[in-house]
Each structure stands twice: as C-alpha cells, then as structure tokens.
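Trainee: Sequences and hints are given; from them, build the entire structure.
If you're matching them up, the sequences are chains A and B in order.
Letter by letter, the first sequence follows residues 17 to 367 of this note's numbering.
Letter by letter, the second sequence follows residues 17 to 367 of this note's numbering.
Accuracy of the hints is not assured; some may be wrong.
Intra- or inter-copy, both count: the list cannot distinguish identical chains.
Listed below are the simulated DSS-like cross-link pairs for lysine-lysine, each with C-alpha atoms no more than 25 Å apart in a straight line [what the hints assert, rightly or not]:
{"#": "1", "residue 1": "Lys244", "residue 2": "Lys46"}
{"#": "2", "residue 1": "Lys18", "residue 2": "Lys64"}
{"#": "3", "residue 1": "Lys18", "residue 2": "Lys121"}
{"#": "4", "residue 1": "Lys274", "residue 2": "Lys194"}
{"#": "5", "residue 1": "Lys302", "residue 2": "Lys359"}
{"#": "6", "residue 1": "Lys360", "residue 2": "Lys302"}
{"#": "7", "residue 1": "Lys187", "residue 2": "Lys18"}
{"#": "8", "residue 1": "Lys187", "residue 2": "Lys205"}
{"#": "9", "residue 1": "Lys187", "residue 2": "Lys274"}
{"#": "10", "residue 1": "Lys121", "residue 2": "Lys359"}
{"#": "11", "residue 1": "Lys187", "residue 2": "Lys176"}
{"#": "12", "residue 1": "Lys64", "residue 2": "Lys205"}
{"#": "13", "residue 1": "Lys151", "residue 2": "Lys164"}
{"#": "14", "residue 1": "Lys151", "residue 2": "Lys360"}
No wet-lab data here; the hints were simulated from the structure.
Everything numeric in this text was worked out from a predicted model, so none of it was measured.
Number of protein chains: 2
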Amino acid sequence: MKIQPVIMSGGSGTRLWPMSRAALPKQFLKLVTDRTMFQNTALRVCGKEDGAYLDPVVICGANHGAVVAEQLDEIGLQPAEIIIEPCPRNTAAVAAVAAAWATRKDEDALVLLMPADHHIADSAGFRAAVALGAKAAEAGNIVTFGIKALTPHTGYGYIKTGEQLIPSVYKVAAFKEKPEREIAEHYVKDGRHYWNAGIFLYKASAMLDEMARYAPEIKAAAVNALEKSALSDGALHLDEAAFSACPSDSIDYAVMEKTDKAAIIAPVDVGWTDIGSWSEVSSQDKTDNVICVNAANNIIRSDGPLIAAAGVEDLIIVATGDAVLVARRDNAQDVRAIVDELKKRGLQHLL
Amino acid sequence: MKIQPVIMSGGSGTRLWPMSRAALPKQFLKLVTDRTMFQNTALRVCGKEDGAYLDPVVICGANHGAVVAEQLDEIGLQPAEIIIEPCPRNTAAVAAVAAAWATRKDEDALVLLMPADHHIADSAGFRAAVALGAKAAEAGNIVTFGIKALTPHTGYGYIKTGEQLIPSVYKVAAFKEKPEREIAEHYVKDGRHYWNAGIFLYKASAMLDEMARYAPEIKAAAVNALEKSALSDGALHLDEAAFSACPSDSIDYAVMEKTDKAAIIAPVDVGWTDIGSWSEVSSQDKTDNVICVNAANNIIRSDGPLIAAAGVEDLIIVATGDAVLVARRDNAQDVRAIVDELKKRGLQHLL
Chain A
17 MKIQPVIMSG
27 GSGTRLWPMS
37 RAALPKQFLK
47 LVTDRTMFQN
57 TALRVCGKED
67 GAYLDPVVIC
77 GANHGAVVAE
87 QLDEIGLQPA
97 EIIIEPCPRN
107 TAAVAAVAAA
117 WATRKDEDAL
127 VLLMPADHHI
137 ADSAGFRAAV
147 ALGAKAAEAG
157 NIVTFGIKAL
167 TPHTGYGYIK
177 TGEQLIPSVY
187 KVAAFKEKPE
197 REIAEHYVKD
207 GRHYWNAGIF
217 LYKASAMLDE
227 MARYAPEIKA
237 AAVNALEKSA
247 LSDGALHLDE
257 AAFSACPSDS
267 IDYAVMEKTD
277 KAAIIAPVDV
287 GWTDIGSWSE
297 VSSQDKTDNV
307 ICVNAANNII
317 RSDGPLIAAA
327 GVEDLIIVAT
337 GDAVLVARRD
347 NAQDVRAIVD
357 ELKKRGLQHL
367 L
Chain B
17 MKIQPVIMSG
27 GSGTRLWPMS
37 RAALPKQFLK
47 LVTDRTMFQN
57 TALRVCGKED
67 GAYLDPVVIC
77 GANHGAVVAE
87 QLDEIGLQPA
97 EIIIEPCPRN
107 TAAVAAVAAA
117 WATRKDEDAL
127 VLLMPADHHI
137 ADSAGFRAAV
147 ALGAKAAEAG
157 NIVTFGIKAL
167 TPHTGYGYIK
177 TGEQLIPSVY
187 KVAAFKEKPE
197 REIAEHYVKD
207 GRHYWNAGIF
217 LYKASAMLDE
227 MARYAPEIKA
237 AAVNALEKSA
247 LSDGALHLDE
257 AAFSACPSDS
267 IDYAVMEKTD
277 KAAIIAPVDV
287 GWTDIGSWSE
297 VSSQDKTDNV
307 ICVNAANNII
317 RSDGPLIAAA
327 GVEDLIIVAT
337 GDAVLVARRD
347 NAQDVRAIVD
357 ELKKRGLQHL
367 L
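Mentor: The following block contains the structure:
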C-alpha cells in the first residue's frame with residue numbers, strides 16, 4: 017500500500033527572525049540547502065521512482081496556500097490537496113484532519129505526518145525507516161521516529177523505548193518533556209532514550225480511534241471542520257467556525273502519552289535536525305556578501321546587505337533589507353524576546 | 017581684525033564605514049548632533065552676533081563641492097569660497113592654500129584652520145580660546161590648541177608646553193607622535209602635555225614665511241595651484257597639474273615641528289573629540305529602530321534597518337541600507353581592515 021505524506025506547514029518560526037516572517041515562515045526559506053525546507057520535506061519521499069508514496073497533502077495557514085502551490089510546482093510535484101487551517105490549533109488537530117482526510121479514500125490508509133521545517137540529511141535512510149515503521153503501523157500502532165541522541169539537547173523531547181515489537185521497533189515506554197541538562201545527559205548515556213522527531217506514521221482509522229478515546233472534542237471538531245470545508249483558490253479551506261472550536265493541543269499530549277498503541281522506530285540515524293533557531297543553521301560566511309576580519313565561529317547570514325564582522329566570536333548575525341539581528345550563538349532563544357518586543361512596539365510589519 | 021575660518025573638509029573617514037562613504041564622508045553626516053559635523057564646525061564660529069569671524073572658506077574634495085554648498089545653505093551661511101582639491105595632498109598643502117588665499121585680501125589676515133570632523137561641545141569656550149590665541153597669532157606665532165588630556169589616549173598626538181608667552185599661551189617645546197600607552201600615561205600625569213587638536217591659528221604671512229623656510233616645494237605648489245585655479249559650478253578649482261606636484265605632508269611634520277614660531281593655548285577645555293572611529297560616537301539605542309534585549313554597553317546606529325541586539329555587550333553595530341558592521345568596541349580600528357578587504361574584493365560601490 018502506498019503511503020500518504022501529510023506535511024504540517026503551519027509554523028511561524030519566529031526564532032528564525034528576521035529572515036523568517038509571518039508572510040514567509042522559515043519552512044519556505046532556503047536556509048540549509050538551495051531548496052526550501054518545505055521543498056526538501058516533500059522531495060524526501062515524493063517523486064521517487066519506486067512510487068511508494070502518494071502525492072503530498074499540505075496543511076498550512078491561510079496566507080501560505082499560494083506559496084505552497086508555487087514551491088511544489090517549482091520542484092515538479094502536485095499536491096494531493098492543500099488544506100488551509102483558518103487558525104492555528106496545534107498538532108493534534110492537524111493529525112486528526114490528516115487522518116479524516118485520508119479515510120475519504122481508504123480508512124486504512126497509512127499517513128506519514130511530517131513537520132515542514134526539519135532537516136534530514138539522509139533521505140534514503142529516512143525512507144528505509146518509514147518502510148520499517150509501516151509494518152508496525154499496519155498492525156495498528158502509531159509510530160514515532162526515535163533519533164539517536166547525539167548531544168544532551170535540552171530543547172528536544174525524548175522517547176523511552178519499551179518492549180520490542182520487531183527488530184528496531186519498540187513499544188513506547190514513556191514520552192519525556194524537554195529535560196533539564198543533567199537528565200538529558202543521563203538520557204544520552206542510558207541507550208533507551210531517543211529524540212522525538214515529531215514525525216508520525218499511522219493508519220488513519222487507528223488515529224481516529226485513539227482520538228475518539230483520548231481527545232474526542234479534537235476529533236469531532238477536526239472531522240466537522242473537514243466535512244464543512246470548501247474548495248477555493250486551489251485549496252481546501254477548513255470551516256472556520258468548526259475549526260476554531262477545536263481545543264488546541266499537541267498530538268503528544270492529546271494522544272501519544274495516553275494511548276497504548278504508541279510505537280517507536282529506534283535508532284533512526286538520518287542526520288535529523290529541527291531547524292528551530294539560528295544555532296542550527298550553518299553560516300554563509302564564505303559568500304560574497306560577508307566579510308570577516310579576525311572573526312571566527314559566527315553564524316552569519318544575509319539575504320542582501322553586505323555583513324562585515326570584525327574581531328567578534330560566537331555571534332549570530334542575520335541581515336535582511338529592513339532588519340538586522342545580532343545575538344549570542346549560545347542564546348539563540350533570545351530571538352523570541354526580540355519578536356515579543358517588536359509586537360509590543362506595534363512593529364508588526366517587521367514580523 | 018576679523019578672523020578668517022578655513023574648514024578642512026577633505027577627509028574620507030573610512031573608520032566610520034559603513035555610514036561614512038566616499039560620496040558622503042563622516043563630516044557630512046549627523047553622527048553626534050542633529051547637524052552634521054561640518055555644519056557644527058562652521059556654526060561654531062560663523063554667524064554669531066559679535067561678527068568676529070568672516071564667512072568660512074571650505075577646502076574639500078572634487079565630489080563634495082555641492083554637498084558643502086548645500087549644507088552651508090541649510091544653516092543660513094554663505095561660503096567666502098569653496099576651494100576644490102583635485103587630489104588629496106594632506107594638511108600642509110591645505111594650510112598653504114588657506115594662507116595664500118587669505119593674502120589676496122590682506123596679507124596679515126588671521127586664518128583659523130579647522131578640521132571639519134571634530135566635535136566640540138563648548139563652542140563659546142572654543143571662541144574664547146581663539147580670541148586668546150589671536151593675540152599670539154598677531155605677534156607672528158602659529159598657534160595650536162592644547163586639549164587637556166583626559167585619558168592616556170594612544171590615538172592622538174601630544175604637544176609639550178615650553179616658555180609661557182602670556183597667561184595660558186606657551187611656546188611649543190615639542191610635538192609628540194601618537195605615543196605608546198605607558199608614555200601616554202606619563203603625559204597625562206606630568207601636566208605639560210596636551211592633546212594636539214589639529215586646529216591652527218596663524219597670520220597668513222607668517223605661515224607662508226615659515227613654509228618658504230621649511231617646506232618651499234609645498235608652498236610653491238600650493239601658491240601655483242591657487243594662481244592657476246578656475247571658478248566653475250560655484251567653486252574654485254585648484255589647478256590639477258600644479259596641485260598634484262605638491263609633496264604630501266602633514267602641517268605638523270612639514271612646519272610645526274621645525275619652526276620656532278609654534279605656540280600653544282593650554283589648557284583648552286571645551287569638550288573636544290576627534291570623531292575618528294565608532295568608539296567616539298554615541299549610541300542610538302533608545303530610538304525606534306533599535307531593540308535591545310539583555311544587551312548593554314553597545315554602540316548601535318542605523319540609518320534605516322531595524323537593529324535587534326540580544327545578549328551582546330561591548331559591540332559596535334552599524335547598519336545602512338546596503339551594509340552592516342559588527343565589531344568589538346575596543347577594536348574600532350578593525351574597520352580599516354574591513355575597508356581594505358572591500359577594496360581588495362572590488363566592492364568600491366560599498367565604500
């Protein structure tokens with residue numbers, strides 16, 4: 017059975033300001049390769065010769081339907097559907113909409129739910145992991161992807177493996193929130209904790225069943241919003257009143273931590289990175305529009321202005337035509353505070 | 017007798033890149049107050065009610081005649097003359113041209129030669145110092161202005177006082193190059209060394225006499241270039257062939273260190289600053305286009321783009337529409353290396 021990719025592209029990515037903007041969030045930028053992260057997410061599975069994947073479904077915000085269509089066209093892909101969220105309602109709602117959409121054709125369709133803003137260096141390795149996970153998903157499990165924890169990262173969630181189902185696939189023993197440093201160090205050493213990649217593989221009917229059990233309001237609102245959806249401008253617009261009524265929760269909280277169907281493929285070693293802040297983006301400092309003098313270990317990016325850095329180290333320097341960010345590399349989260357301050361000052365046009 | 021101000025405005029000010037550009041050097045920018053440094057230099061002495069000063073003569077580069085006229089007009093002043101240097105030949109040539117120009121009307125005219133890019137907080141105090149120096153200048157001395165050395169600055173030249181002529185005016189005992197730190201510390205303590213403000217007050221005939229003695233080639237070339245000069249576009253253009261033949265030397269080397277007519281007013285305590293690098297420019301960090309989060313002690317300036325600084329200290333951050341500088345505050349001289357690199361890369365349009 018072919019797998020149905022569903023790309024979650026609703027994020028705003030404020031921590032990658034000033035390049036990431038409300039009108040063009042980070043997933044639509046060429047931050048890591050010469051394709052955007054959204055394009056790379058689609059190409060990772062679609063358009064391959066083996067034809068193991070259906071055309072992608074993309075779920076995105078109201079302002080981004082056009083850019084999704086354009087960016088897919090640019091890489092020679094057609095969307096199976098572009099689904100517009102009238103408002104953000106977090107990942108549980110998206111997982112439910114994806115499942116409900118897929119059951120229109122086949123209630124046992126396998127859905128591969130992927131964030132649009134992750135970088136995965138080894139696409140073939142990722143597809144191999146999906147193929148492995150498909151067996152567990154067909155058996156009714158909701159499959160997660162456990163990335164080998166290379167560092168005691170305190171910005172990621174972790175998953176603890178339980179009983180082995182088949183080689184490299186386990187039941188989930190527990191989901192762990194972003195941990196304190198000491199706990200994360202313990203996780204890295206004990207060999208049973210993996211980074212939660214935020215990618216899910218499930219049979220549409222299985223997800224809807226678990227939703228009915230653990231998050232019935234979310235399921236009802238999502239199904240209702242899809243039933244009342246309308247096609248316009250080449251995209252399927254979820255009904256605003258129905259979708260607004262959906263509780264906002266993550267799929268991890270709403271379902272995964274509660275269900276006994278959670279499984280994990282581990283270790284998945286595919287060069288995965290959540291491009292969540294500038295510290296995960298490589299520097300452009302060898303390009304024509306960057307000059308460094310006695311400057312080292314900086315992340316420097318410009319989409320236009322020349323950046324000249326002299327005598328500085330461990331900084332993030334990002335310039336666009338109308339804004340410049342200078343922050344410490346070890347404190348990339350400060351960008352959020354900047355964005356908050358911009359909102360407070362009413363400078364929405366810079367967001 | 018009225019004093020003839022002559023403003024030396026030939027500098028390029030590369031250390032204040034990226035705001036200071038070849039087309040608009042630092043003296044024509046509003047870096048310190050809401051007037052440009054050039055305008056402040058003119059207003060410091062001209063247009064006062066006492067009428068002690070003649071209209072200013074401005075000596076500037078070929079590309080800057082128009083901006084000089086425009087900026088004088090903006091503050092309600094008329095130039096006595098705008099003199100265009102076809103090429104830069106350092107301050108000795110400028111001092112000679114100024115003297116030769118002044119003798120056309122009166123060979124004993126008192127010339128006040130001032131760089132266009134210094135900041136002086138106390139204009140009235142400065143005029144009082146000039147009035148005091150005028151007596152020594154009328155007696156044939158070439159008068160310098162000795163600024164009380166507030167710190168052991170290693171980027172300034174120093175002047176050592178000799179025999180007292182009248183209260184607060186001394187013969188010069190010696191000129192000192194930019195000193196090493198330890199020597200500068202000694203200067204600050206001993207009470208006989210002052211910062212050389214680079215401002216000169218002299219009788220035109222006295223300067224030409226000393227030039228004839230110590231720098232005859234410079235004098236001859238400057239006088240020749242002025243004699244062959246031509247008026248066009250509202251400015252007096254020095255003859256290119258004649259002026260090009262002038263040796264390039266500073267007035268300190270060519271004349272002041274050799275003549276026995278050098279005098280110094282000291283101490284001159286008027287809040288003088290040579291705006292030579294970003295470390296002498298105050299921050300704009302309270303303005304609308306700067307946002308700081310956990311950031312302190314930075315010099316932040318923008319002529320357009322919003323600058324957001326997070327978690328950083330002791331930096332210089334300067335942004336224009338096409339370039340961004342990030343440097344260490346204690347290493348403002350690095351900007352020169354940046355400018356050299358821009359030249360090397362053929363990025364003249366950014367200079």
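Trainee: Against this structure, judge whether each hint is valid.
Mentor: Each hint tested on the structure:
1. Lys244 to Lys46: So lysine 244 and lysine 46 fail the 25 Å test inside a copy (35 Å) and across (60 Å) alike.
2. Lys18 to Lys64: within (12 Å within a copy, 87 Å between copies)
3. Lys18 to Lys121: within (12 Å within a copy, 96 Å between copies)
4. Lys274 to Lys194: within (18 Å within a copy, 74 Å between copies)
5. Lys302 to Lys359: Between copies only: 17 Å across chains, 34 Å inside a chain, cut-off 25 Å.
6. Lys360 to Lys302: So lysine 360 and lysine 302 pass the 25 Å test across copies only (15 Å; inside, 36 Å).
7. Lys187 to Lys18: within (24 Å within a copy, 96 Å between copies)
8. Lys187 to Lys205: For lysine 187 and lysine 205, only the intra-copy Cα distance (20 Å) is at most 25 Å; the inter-copy one is 78 Å.
9. Lys187 to Lys274: within (13 Å within a copy, 91 Å between copies)
10. Lys121 to Lys359: Neither: 43 Å inside a chain and 63 Å across chains, both beyond 25 Å.
11. Lys187 to Lys176: within (9 Å within a copy, 85 Å between copies)
12. Lys64 to Lys205: For lysine 64 and lysine 205, the Cα distance exceeds 25 Å both inside one copy (37 Å) and across copies (78 Å).
13. Lys151 to Lys164: Within one copy only: 21 Å inside a chain, 84 Å across chains, cut-off 25 Å.
14. Lys151 to Lys360: neither (50 Å within a copy, 60 Å between copies)
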